[in-house]
Structure formats: structure tokens, C-alpha cells
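Enquirer: One letter stands for each residue in the lines below.
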Amino acid sequence: MKRILASVTDGKGFDIGLVLLPLAFLFVMSGLPLVYNVVMSFQEVDMFSLGTFARPFVGFKNYVDLFAQPETRPILVNTALFVSASIAGQFLIGFGLALFFWMNFPGASWMRGLFLVSWVMPGLVVGAVWNWILSGDFGVLNFFLREIGVIEGNIFWRSDPHYSLWAVIIANIWLGTSFNMILLSVGLSGIPKDLFEAAELDGANALQRFFTITLPMMRSTIGAIIALGLIFTLQQFDLFAGITSGGPNNSSNVTQYWAWDLSFRQYDFAKGATISVIMIVFVMLASIVYVRSTRHEVRG
Amino acid sequence: MGISRYAMLGAFALASLSLPVLSANAEDVTISVWSLDRDIQPAPNLINDFNKLNTGIKVEYRQIQFDDVVSEAMRAYSTGQAPDIIAVDNPEHALFSSRGAFLDLSDMIAKSTVVKPENYFPGPLASVTWDRKYYGIPKATNTIALYYNKDMFKAKGLDPDKPPQTWDELVEAARKLTDPAANVYGLAFSAKANEEGTFQFLPWAQMAGGGYDNINSDGAVKALDTWKTILDEKLASPDTLTRGQWDSTGTFNSGNAAMAISGPWELDRMIKEAKFDWGVALLPVPQASAERSSAMGDFNWAIFSSTKHPEEAFKVLEYFVSQDDRMFKDFGQLPARSDIAIPPTGEPLKDAALKVFLEQLKYAKPRGPHPEWPKISKAIQDAIQAALTGQMNSKDALDQAAEKIRSVLG
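Chains as they are written, first to last, in this note's numbering: chain A, 1 to 300; chain B, 1001 to 1410.
Bear in mind the hints are in silico, worked out from the structure with no lab data behind them. Note that the structure is a prediction, hence the values are computed from the model and not measured. Treat the hints with caution; some may be incorrect.
[Unchecked claim] Calculated cross-link-like contacts (lysine-lysine; reagent style DSSO-like; alpha-carbon spacing at most 27 angstroms):
{"#": "1", "chain 1": "B", "residue 1": "K1329", "chain 2": "B", "residue 2": "K1365"}
{"#": "2", "chain 1": "B", "residue 1": "K1275", "chain 2": "B", "residue 2": "K1350"}
{"#": "3", "chain 1": "B", "residue 1": "K1404", "chain 2": "A", "residue 2": "K61"}
{"#": "4", "chain 1": "B", "residue 1": "K1365", "chain 2": "A", "residue 2": "K61"}
{"#": "5", "chain 1": "B", "residue 1": "K1375", "chain 2": "B", "residue 2": "K1133"}
{"#": "6", "chain 1": "B", "residue 1": "K1222", "chain 2": "B", "residue 2": "K1234"}
Input sequences plus hints: build the corresponding full structure.
Expert: Here you go:
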């Protein structure tokens, strides 16, 4: 008994305790809901059986039904497009801004901080603001594009099925760029300055320095950012609720919004859970990339 | 950690102590009521007044958010924590009554001197009815009609005392009133992909002989074609597809739409914001002499079947019903009853509008009632959106909706 107690206060038991505590926390807060969600996707669930666990199992019926629905494929395609376009936009603009502020002109760090404002704003507020900007008849974006002569008539960003998904993507790029910029700035400042000095002495020009020093040194940061970006864009719900509500005719619907719509608008909890399970698979893949790239960081 | 744990234990101890104490010193029966009414709306005020009467029944109120009503109620009911009384949106009522979650009030209503079914408009009454029994009492009601800008009618050579009566006249008037140079659309309404879209479209289908159980009838197809004409010719903003009724009517108030289809909840804002002369007309019908119809909105009262005090809960509802004549004057809501004469408010535009809405209410039909209404509604929304975005023609879209609805109706 004494030995166990001693081990807990100072020894292996203490270490195990330290590990077990967060593990238990993770299991209760994340693990159980995850398992519950997966179980629900194999059951028949309705509003009245929500309070019990004893629900009839239906095997893969929910999955089969889901993929038989005509809107499933377009929504999956939309999700892929939303995620890849958002990440590409956020990353490229974020990287450009990070490089720009890296030049360290007077007031650079100060202005870089201001960019974070977009990241601090609640998603629903951002959605509401972009809702006005993208409004068809009186939106600022249409006014601006008309004035500089890019378009003739108004584009109905929210209501034209050709543009609705892009309306949300534009808003999401605006929202996520600053986060990308800050993380990439941190990565940039971690590159030893003498590497660049040496390269410059050897006669490498700016472009060569970028591709042979900056990019390779940033590899783990970039990997982490893209993985995080994938997770964040797959979580992006507020903008859809605020701008298009997935419409018109599902042209801007994505899996995360659809799962909510099925569960809490149509009370089809099993299908909502089924979509969530499909999304979990993708987020797991992203997590593996994230964990691997940050592990690389620690060793390097 | 330690301190907070003791604090928690203390709180539990206190809570378990104080509960019996509270119920011991008052012999009152406590009835809990959930609704979405805010402080300026009926429920909390009526409850305050009721508690002052000292009837031996104490009513506790809890406000819930619109989006949470069904999920909160379901969770509470399935875990045995349901309140005694709740207000639910009328298309959701059947979901509860069909599963026995609500108490059958038929016998109590039959004995009651206050609640009389014949006093109610048929639409709201149908929404609380399931299997020919009453599972609730209509709380208030509303419907939609056509608002129009009389000044713009005059400016475009239309008679401001003769608003459009038929769909053709409506489209024709919209064509005349639309003025892209001045940023004016002929009509504002909502075809949004949520319950609002269904709410606005069903009356059109019903007027033409369709309905949720007959959504691909020729009349309904014609209704959707008419909507499509309005959107294709840009007589209404393309944003109609993604905008709710409140925002759409906002463009009417600001003078950017000459007509708007919406309900009496717009009246107070319109009186404040609209800087022009306006009127309200009954919803146009497919052709002269066609059957009228309209949508029916708002909430119903119900008693959960799990209540321990059904008699007392019904007494509370009887009190609410006895105060129905205050609904419009004090809270701006329409009682769901045809036997109450609403006194004039002294605001001529509002009084004129009220008259039209009361007339329109006679034709209001409930959505459903059906326990799986959200799925039926979703099928209709999908059809509207598919047709209006040009991805399907009206007939095919409604055929598909009918197919989906048939599988729900079984």
C-alpha cells in the first residue's frame, strides 16, 4: 500500500496518472460522443427514441439510403470544391501576406496584428456581414465590380446556383486568411537568418532563395496549416447558415450543413449521424497528416 | 479542484434541502409552462396576471428559443422532464399528438365553459386535432395576404383601390410596376428553402386545387409556373430564393418593391418604416371565382401527457383562452377565434389591414397535420427551388416531390 502511494506521489504511478487524466478527459468528452455517433448511424433513430440506447439496429441501411438520394453526390462534390478552393485561397493569400509583413517595414507587426480581427469575429456575424456585401440588388461587391467595369448587370451571388457556393468560399477565404498568415509568419521567423545571408553571398536571387530555403524550411508548418485548414473548413457551418442556407436547390450545400439540416430540421438523426461518420473519416486523414508534420517539426 | 468540488456538493445539498422546503410551505400546485414568448409577448404577461389571482395554482415560466422548441421538448419528454404545458408551432403539433406525448383534451373541452371548439377558425382547430380528438388549443394565428404600395400604383397608372384579384392580374401589375432603373421590383415574396418557402407556396397550390397530398396537380404546376414567370422576368428579386419573408418585406418598406406577400407580423414595422400609402388585399386567386386559400401560422398550447396535474394545467389554459380578447391590443397577435371582435387600434392603416387579414383567416389551412411534416415540407421546398433555378421544369419537380411525399404518407 505504502509503495503504491509512494509511486503515485513520486514515481511511475505519478507519470501514469498524468497520462491517464487527460486520456480519461479525452475519452469522456470526445471519444464517447464519437462512438455514440457511429453507433447511431447504424440504428433507426427518431425523436422519441432519442433518450434511450436501445434502438433497433438496421445495419448499413442508413448508408445505402443516403447514397441513393439524388442530392448526395452534388453535395459531396460541393464539399470537395469548398474545402479545396477555401484552403487554396486562404493559404496563397495568407502566405503572400506573411511574406509581405516579413519584410519588417515600420509598423509591420502592428498591421499584422490588425489582420487578426477577421479571425476574432464570430462566424455568424461574418456571415451576416457577407450576406449584405453579397446581396444581389444592393450589395457592395456588385457595386464595386460594376464601377470598375468587370460586370454589366448584377450577379446574384446568393441566389444564382452558379455562384452561390463561390459566395461562401469568398467569405470563408476572407475569414481564414489571417489565421494562415499568423501561423506562416511564425514559421518564417523560425528560419535562421544566416542561411539567407550565406545564400545571398553565394549569389542566389530572391526567387532561388524562396524555393531553395524558405519553402523547404517551411515544410512542416505548411503541412500542419493545410491539415488544420482542412479541419476548419470541414467545420465551417456559420457562413452557410448566414449566407445561403445551402441553397438555392442545394447548390451551395455541403456535408456539415446537410448533417445539421437532416438532424435538427428534419429530425432524421440517423442520417445526420451517417454523414458525420463519413466526415470523421476525412478529418481522421487530415489529423494523421497534421500529427505527422508536427512530429517532424519536433525532431527537426 | 478541491474547493470547487465542495462547492458543488454544497450546492447539491442545498438544492435537495430547499426543494421539499419550498413545496412544503406552499400547498399550491406548480404548473410549468414553456413557450418562446418574450417579455412583451403574451405568455409571460398572462402568467404574471394569473399568479396574482392566487388560485392555488402557481405557474412557472420558461422561455425557449424558436429553433429549440421541438428538440428541447422531445429531449425533456423522453427523459421524463417535460413541462406541464408547452406552446408548439402548429405544423409540429401532430408529431407530438400522434405519439401520445400530448394529453387528449377532448373531454375537458367538452365540459369547459371557456374553451369552445366552435369559436375557433377551422384552420387552427384542425392543427390541434389528431384522429378527431383535440390535443391542444390554438394560441394565436396568422396568415399571409398581399401588401401593395398605393403611391406606386398611382404613378404607374393602376387603380390603387383595385389591387390584383387573380394571378394573371398580379403578374400583369408586377410587370407594370417593375422599374429596374429605379431599383423597383414588382413583387416581393419568399421562396426560401425552409419552412417559409412551403408556407408561402402551399396557399397557391391549394387555391388551384392542389395540396401537400396532391402537390403535382395541374393547379399546383400552374402555381409554380406563375412563380417561375415572376422570377424569370425579374419581376421579383432573384434573391427571393434565399431571403426570408421579413427581409423580403423590408424591401417593400424601403420602396424597392411595389407589392409584397407576407403576414400581419409586418404591420407594426411597416407603419414605422413605410413612407408611402399602402393597403392590404386578399391573396390573388388562379381565376375569378376560384376557391380562396391561405397559409396558417403561429403556435398552439398543449399539455404533455406526462403531467401530474392535468386538471390544474387545463385551468391555466382556460385562463389563457379567457384573455384572448387582449391578444391584438396588448401584444399585436391575432386570436385564433372567429367570435372575438377586435376593437379598432386608432391607426387607420392597421385597422384596414386587420380587416383583410381576418377575412383571409377564414380560408387559412393548416400545414398537415402530419407527424412527419418536416419531411413533407422539405420535399416541397426542394421542388420549388429546383424549378425556380431552372434545373427542372415545374411538372417534373412537383412529380418528384409528390413521389417523396407519397413515401412519407405511406
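Enquirer: Each hint: holds or not?
Expert: Structure-based check of each hint:
{"no.": "1", "hint": "B:K1329 - B:K1365", "verdict": "25 angstroms, holds"}
{"no.": "2", "hint": "B:K1275 - B:K1350", "verdict": "15 angstroms, holds"}
{"no.": "3", "hint": "B:K1404 - A:K61", "verdict": "18 angstroms, holds"}
{"no.": "4", "hint": "B:K1365 - A:K61", "verdict": "36 angstroms, violated"}
{"no.": "5", "hint": "B:K1375 - B:K1133", "verdict": "24 angstroms, holds"}
{"no.": "6", "hint": "B:K1222 - B:K1234", "verdict": "18 angstroms, holds"}
When held up to the earlier numbered hints, the structure conflicts with hint 4 and nothing else.
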